[in-house]
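Q: Modelling step: build the complete structure from the supplied sequences, incorporating the hints.
Keeping their order, the protein sequence lines are chains A and B.
Using this note's numbering, you'd call the opening residue of the first sequence number 1 and step up by one each time.
Using this note's numbering, you'd call the opening residue of the second sequence number 1 and step up by one each time.
To be clear, the hints were calculated from the coordinates, so they are not data collected in a lab.
Being a predicted model, the structure only gives us computed values, none of them experimental.
Okay, the calculated bits of chain A under chain B, using three or more residues with CB under 8 Å as the criterion:
{"id": "1", "stretch": "2 to 14"}
{"id": "2", "stretch": "22 to 31"}
{"id": "3", "stretch": "55 to 63"}
{"id": "4", "stretch": "85 to 99"}
{"id": "5", "stretch": "109 to 116"}
Simulated crosslink set (DSS-like; lysine-lysine; CA at most 27 Å straight-line):
{"id": "6", "chain 1": "A", "residue 1": "K116", "chain 2": "B", "residue 2": "K120"}
{"id": "7", "chain 1": "B", "residue 1": "K244", "chain 2": "A", "residue 2": "K90"}
{"id": "8", "chain 1": "B", "residue 1": "K244", "chain 2": "A", "residue 2": "K116"}
{"id": "9", "chain 1": "A", "residue 1": "K21", "chain 2": "B", "residue 2": "K102"}
{"id": "10", "chain 1": "B", "residue 1": "K113", "chain 2": "A", "residue 2": "K116"}
{"id": "11", "chain 1": "B", "residue 1": "K161", "chain 2": "A", "residue 2": "K116"}
A few chain B positions that, by computed beta-carbon distances, are all more than 10 Å from chain A:
{"id": "12", "residue": "E13"}
{"id": "13", "residue": "G30"}
{"id": "14", "residue": "D37"}
{"id": "15", "residue": "H40"}
{"id": "16", "residue": "F50"}
{"id": "17", "residue": "S52"}
{"id": "18", "residue": "K120"}
{"id": "19", "residue": "L138"}
{"id": "20", "residue": "E139"}
{"id": "21", "residue": "V148"}
{"id": "22", "residue": "C153"}
{"id": "23", "residue": "E158"}
{"id": "24", "residue": "T162"}
{"id": "25", "residue": "I163"}
{"id": "26", "residue": "V165"}
Built from N, CA and C at the ideal position, the CB exists for glycine as well.
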Amino acid sequence: MNKDMKILVVDDFSTMRRIIKNLLRDLGMTNVQEADDGQTALPILKQGGIDFLVTDWNMPGMTGIDLLKEVRADPNLAHMPVLMVTAEAKKEQIIAAAQAGVNGYVVKPFTAAVLKEKIDKIFERLG
Amino acid sequence: MISVTGKGSEHFETELQSKAQELVSVLNEGDLSSAMDIIHELHEFRHKTFFSEVGYLTRGLHEAIKAFSNELGAGLQMGDETAAEEADAADRLNYVIEVTEKNAHETMDRVDKALALVDKLDSQSERFKDLLLLVGQLEKEHDSLNGVYDRTCAVKEESEKTIGVLRTELTDIVVSQSYQDITGQLIRRVINLVTNVETHLISLMEMAAKVEKLSGIEVQPGSQEVAKTNKKNPIQAEGPQVNKDSADVVSNQDEVDDLLSSLGF
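A: Here is the structure:
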């Protein structure tokens, strides 16, 4: 896993963005950008340069699931690894996220160990 | 508790009974014109009763809304300025989100400072290692120092372990601030609910006021429209699940992992 990769963390709660940023820093990843919903995240992604997307689901403006679909529909972004970190816990929702092409799914509240494990797993698979 | 029931309906029944008897007696006397007057009076009376009941209901609703927002205002002491203003339920709930957000950040500020101190301890530990090597060399030359190197090394290791545990504990404090997001999402849903209820109640009151103004009993068809609830999208964002026992909801990360692996993940 490249520690210098650029990560975009999308969540409408600044508390959660900060928690995820702190945990990523513990993993040695300090190149982190933030956005507070899908609408602000999408232009940042389309600009290019982001290597990994961590997104919430329930956000005003554009939700995380819609952001994921937009990412997968854009040929320039389609292969970007996406981790969903969300309080949405319905089986139907998890299945929908999987079908939309999510690479990992973490339910809130989560532990530092779970987040680390899921991130490691995503990059293990990608090689 | 506020009673919204008027006494109009009781009164209406007694009035109806006495008028009915009157009606029978004038009919028995063959006084058709008086009978028609009584029927007309009954008709009028029914309208009035109906409208006064609607009025009671409307006022009751109004009082309930006022009491609801006053209660919220009294429960949260936010200073005289705001308490004096008309309480707004949604504003108060937003305030809860703001306060918890601010506090979560303050906690994390302190944890960040504490983590910086832990980093300092780590670098001090490195310097300590250099000093220890020196002790190790001196030990060979002075018999009185025998064993000091090993014992100091043991203490150093112990302290490094403690620093490691401390770092984990501090990280857990940061992670536990996620309660702010979880509760905040639920409060936002309640805010939406309260706002919807308020909007509907206000339109209900307006509707009732119109009914009172009208002389006829007919309510305009337009105002009888009931907001149709859209068929719910099954994957629509709902925020944190409160009822984790529900079959269509996962209750922990393990269940998420099981479900995903069943999908070939």
